[in-house]
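Asks: What follows is the residue order along each chain.
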Amino acid sequence: MAIFVDQNTKVVVQGITGRDGGFHSSQMLAYGTDIVAGVTPGRGGQMFEDKVPVYNSVKQAVEEKGANTSVIFVPPFGAAGAIYEAADAGCKLIVCITEGVPTVDMVKVMPYLQERGVRLIGPNCPGLLAPGIAKLGILPTSIVKEGPVGLVSRSGTLTYEVVYQLSAAGLGQTTCLGIGGDPVIGTNFMDAIEAFNNDPLTEAFVMIGEIGGDAEEQAAAWIQENCKKPVVSFIAGQTAPPGKRMGHAGAIVSGGSGTAAEKKKALEAAGIPVAERPMDIVPALQEIWKR
Amino acid sequence: MAIFVDQNTKVVVQGITGRDGGFHSSQMLAYGTDIVAGVTPGRGGQMFEDKVPVYNSVKQAVEEKGANTSVIFVPPFGAAGAIYEAADAGCKLIVCITEGVPTVDMVKVMPYLQERGVRLIGPNCPGLLAPGIAKLGILPTSIVKEGPVGLVSRSGTLTYEVVYQLSAAGLGQTTCLGIGGDPVIGTNFMDAIEAFNNDPLTEAFVMIGEIGGDAEEQAAAWIQENCKKPVVSFIAGQTAPPGKRMGHAGAIVSGGSGTAAEKKKALEAAGIPVAERPMDIVPALQEIWKR
Amino acid sequence: MNIHEYQAKDIFRDFGLPVPGGKVAATVDEAVDLANEYGYPVMVKCQVLTGGRGKAGGIKFSPTEDDVRKNAEAILGMDIKGHTVHKVLITPAVDIESEYYIGMLIDRNTKRVLLMASAEGGVEIEQVAKDTPELIFKQPIDPRFGLLDHEALDMGMRLCPDDIKKARQLASAMQKLYVAFMHSDASLAEINPFIFTPEGKGHAIDAKVNLDDNALFRHPGYEDLRDLDAEDPSEREARQAELSFVKLEGNVGCLVNGAGLAMATMDLVKYYGGRPANFLDIGGSSKPEKVVNALTIILSDPEVKAILFNIFGGITRCDDVAKGIIAATESMDIHVPIVVRLTGTNEEEARALLAETDLVPAETMDEAVQKANELAGAAS
Amino acid sequence: MNIHEYQAKDIFRDFGLPVPGGKVAATVDEAVDLANEYGYPVMVKCQVLTGGRGKAGGIKFSPTEDDVRKNAEAILGMDIKGHTVHKVLITPAVDIESEYYIGMLIDRNTKRVLLMASAEGGVEIEQVAKDTPELIFKQPIDPRFGLLDHEALDMGMRLCPDDIKKARQLASAMQKLYVAFMHSDASLAEINPFIFTPEGKGHAIDAKVNLDDNALFRHPGYEDLRDLDAEDPSEREARQAELSFVKLEGNVGCLVNGAGLAMATMDLVKYYGGRPANFLDIGGSSKPEKVVNALTIILSDPEVKAILFNIFGGITRCDDVAKGIIAATESMDIHVPIVVRLTGTNEEEARALLAETDLVPAETMDEAVQKANELAGAAS
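Protein sequence lines, in the order shown, are assigned to chains A, B, C and D. Per this note's numbering, residue 4 is the first one in the first sequence, and the count goes up by one each step. Per this note's numbering, residue 4 is the first one in the second sequence, and the count goes up by one each step. Per this note's numbering, residue 71 is the first one in the third sequence, and the count goes up by one each step. Per this note's numbering, residue 71 is the first one in the fourth sequence, and the count goes up by one each step.
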């Protein structure tokens, strides 16, 4: 079992005929993800890799192939539009990989999703990989391993680094989830942590945060109150200067808040070990988990 | 019993310190309507007629006096804003008397009301008078009489004309409701008719339509399907030229549709007598009602 | 408020719709100058507030200066369905490969703006709606989110299933039209036709916009768009006096309080064999000056042979209304008979007041209408 | 993207906010000319992209031409927190009776635009938030309905409980600010202070706007607002090469794929006692030209004594990345040592390739950072 996906996840890829969309669709298919359709307006009727039909709209993909989940690889100017379309067509999970989506677009799309009970992951995220079940996004499959650890992160390659170390230490994962580094994202730490807490197969989990916002602090408070599973954390950006955007649109210390030090303090106050270095994450988890 | 109001209706009047708002508030109070508060921003702390406290916001009126219904007498440019405010504060019934509200404002406000389960009557309407219970609006109390007939109308004075004749014939009313003559209104014929049909005290009812739109046709179809109570109707505007707005923003025959002839035909096809003259309404009702 | 094609196009341009250039001319020489400025061919298009302009010969393709001169001469001053042409729009002619209809209006049932579109462009959409309603596609627009990309593109692809580039242009035009509709407080906005050139470029070559009268207060500039020449002078006067008035072809002038009652009164005049001269809602107050204004407007029509007041005194007392009517009529020099029916609070006191004047009192609406019809008939 | 006060005011004006006139001058003479045009007194305000301009002496009330000359002379060229003043804004001075704060930003928790307002205007709002958070009122704005009249007026009345006219002006300013925020794709918009004159007229006398970099593509004109002089040259170069780069004061140049890993790398350099020279996310692809651009930017800093590549090869294979790095470094003339750590698919093949070059390979991130720190320390 995993969070957010299961054996019934039927995927439509929006932007499947694009360069990135096509490349990663191949990778997802190779991992066994059940991609039932692709969408590119004007390309309806084509086939992707001779096995996935391409439609002009998500609605057609839902109606004809029963898609219930969308993975979006469309350029920033069309990303929010693609999210509206997927939600309107009835997809209940949407993973938006696109980087560079205007924040105001995300502010506007959010109530549309809430009204329809749709979960969005991202944008500007690597997506989700549930080892042995499905890959929705761009996480490399070579580094994952089935097992009992959940991982949620605002980052991409830093996530891979940690997954790599977990797998190397024999700690497989239920789900590796990159929630994205933008200021407004569909699924945040709290949502992911609640899901991991409720997932019977997830025995422990790792939370990788970074500077900006206070999602880590909120998650810490929630964990302290509600979660009995072992959790360790890491925060990137201790050396980031204030007022500068560190790559991710959301990774910025502004007005003196959102610093790594604050987050570390809140997490530790909630009894969650915060690793000093990425390589300390696995030992810290092993120590509190006693496994 | 009446439709939409009862003994628990506690009214806040928005615009109570204005000329029209003040005049009609006095009239409503004189009829025994439970006006618990008035609202005019900047006038909070005053008293209206030494008995009704004036607040700066509907929120205060709801919190301090338990208002659950608003009657709005504010100028057109502020009318939609007043509706949002009343709905946000928790009023579940809003009667907007204001004439001349831009239609686009009503288009925008409607989903806000739907999300909050709020009923709007109007705008540009005389409101509602439930004889013996409450008056919410500007219908003259002198012409009404308690009794078993329901009346719903898109018009103002034409309604009074019919109520006058009903009362003169000894046929009192459960509720007299003017839904307004604008293209986009909160409560339409169907809503009123459904409510009359469900109201055990309403034994028969009268529906006064006019040119423009197809609300009468829809009501006719619904009545034929669902309603066992006697209904008679009247349609104003048989002589109206096409393409001209007859006073009410909604009273216009456009593109050949919305004519009185069409409406009459649909009503008669549904078995609903349509009076030729206003003075024929009461006899027609008496005839089918056998009372 | 209806506005001319060229004015609607100006609004569309402001919201980024692809509208070819164009300016209006009031004289043949101006028309020729404009055409020379744009280069040939141009279209000469009459600017009148009615449909069917092409069929009436008011729109002419003009490949040369001579054609412009000839066509402008013919069209300026032409009468189209009772509308005199005072201005022509000169606009570059574009080659047309295909034509579409895009329109928006307020839909009373969904309480939303309704987008309607059809591949049957360039013809009267009412006819298409009647004959082949399945060829008109509809999309209600949620005002909270606007016309979304996929909704617009879906419509575009229904119109142009085999050409995604055209579908996208149509979709973009629909989204811009929606923004224009909302921002201008329109009650109707149409592009008919939206065309593609053989090169695949889309243009809105005709435009129709009706503006919501109730919203003019927040668009101060739009008052200038009103074509005073196109209005009936009595309707203009009524509008300036803030009276709701529509001129008809009859001889019984009607002054009524309330739009519904006013329509019912007209209907009753007809029912009893008379001919109403107008619709007039005098509103809630019956102040003498308002009555004077209303009477002045009605009496400016020489056809009017009798006047009928039908007032239901609800909250205003009938005796007060009677005093207002008496004061107004006494201040004027009126040569037609006036029937007054006042019902409601204090109606008997009102009739007592009227009894001391030349005004003809009536107890019921039916009686009043019959009396007015008789008096008008006798005078005709 | 941060923009100057005068640019933010231009945007505010476009959306109807009450902003006093004002223009920028780059020289003392221009400043004097402008002041003479407006009439006295005026304010001379330095235009730099940092806060605390007043405290630093960059904002001067100037009642006479002599004052303008003196103040402009002093302020132009002044250094404020590392920012050189190239322009001053000349704007008519208004009498201030009271000062308010109005601001909007993206709130990550509600996922909405958050309106914040306070009667403690004209001071640093961060300080107010820290000392007396109860004096800042907040209202999240539902994007489906915008900032509603009653929401804005409620905020206005919290700020001005005893003056409905001022409360309405504040409310109107808030609603306009919201429209400006959404239409300009801001990430922050502030008026501090919004003032009232003794006559009760409201003015936005300072303005701050940050624009969302992700949305610049739909505001082509905004690119012109960028103050190239205010940017670090290396950051400008990085932006033009579409690299995410932040300059720091260190000697270990970092090239990392991914923002999170790049931050973690900087942190680790510090952890092991070194000083990172920069943040640089080289992104998903490791094409030689992109590596060349990144290296060029990092090497333009003479402080850099060693370079550290930290690449996690996920979907891209490490041997391909290694080839890209080797090609790039061979095409350049580089005098500092380069440590390369490549982990992921085909990492061993990658290390084999590196072994044949001068590049220093490392197996883990920790090893790589320690080596880079050592090499940089030895060179310093």
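Keep in mind the hints are simulated off the structure, nothing from the lab. None of the values given here were measured: they were computed from a predicted structure. Check before you lean on any hint, since a few could be wrong.
[What the hints assert, rightly or not] Cβ pair distances, simulated, as ranges:
{"id": "1", "chain 1": "C", "residue 1": "Lys271", "chain 2": "A", "residue 2": "Gly175", "range": "52 to 60 Å"}
{"id": "2", "chain 1": "D", "residue 1": "Pro372", "chain 2": "A", "residue 2": "Glu197", "range": "47 to 55 Å"}
{"id": "3", "chain 1": "C", "residue 1": "Gly291", "chain 2": "A", "residue 2": "Phe80", "range": "53 to 61 Å"}
{"id": "4", "chain 1": "D", "residue 1": "Lys208", "chain 2": "A", "residue 2": "Ala264", "range": "19 to 27 Å"}
{"id": "5", "chain 1": "C", "residue 1": "Lys93", "chain 2": "D", "residue 2": "Lys93", "range": "52 to 60 Å"}
{"id": "6", "chain 1": "D", "residue 1": "Gly447", "chain 2": "A", "residue 2": "Asn11", "range": "19 to 27 Å"}
{"id": "7", "chain 1": "A", "residue 1": "Glu197", "chain 2": "C", "residue 2": "His253", "range": "56 to 64 Å"}
[As the list claims (entries may be wrong)] From chain D, some residues computed to sit far from chain A (all C-beta separations above 12 Å):
{"id": "8", "residue": "Asp137"}
{"id": "9", "residue": "Gln310"}
{"id": "10", "residue": "Glu319"}
{"id": "11", "residue": "Val430"}
Every residue gets a Cβ at the ideal spot worked out from N, C-alpha and C, and that includes glycine.
Asks: Does each hint hold? Answer for all of them.
Replies: Now the hints, each set against the structure:
1. C/Lys271 to A/Gly175: 52 to 60 Å: At roughly 57 Å between Cβ atoms, A/Gly175 and C/Lys271 fall inside 52 to 60 Å, so the hint holds.
2. D/Pro372 to A/Glu197: 47 to 55 Å: With Cβ atoms ~50 Å apart, the hint holds.
3. C/Gly291 to A/Phe80: 53 to 61 Å: Check failed, 32 Å falls outside 53 to 61 Å.
4. D/Lys208 to A/Ala264: 19 to 27 Å: Hint holds: Cβ distance 25 Å, inside 19 to 27 Å.
5. C/Lys93 to D/Lys93: 52 to 60 Å: violated (34 Å)
6. D/Gly447 to A/Asn11: 19 to 27 Å: violated (56 Å)
7. A/Glu197 to C/His253: 56 to 64 Å: Given range 56 to 64 Å: violated, Cβ gap about 42 Å.
8. Asp137: About 33 Å separates D/Asp137 from the closest Cβ of chain A, which puts it past 12 Å; holds.
9. Gln310: holds (16 Å)
10. Glu319: violated (9 Å)
11. Val430: D/Val430 is indeed farther than 12 Å from all Cβ atoms of chain A, at 19 Å.
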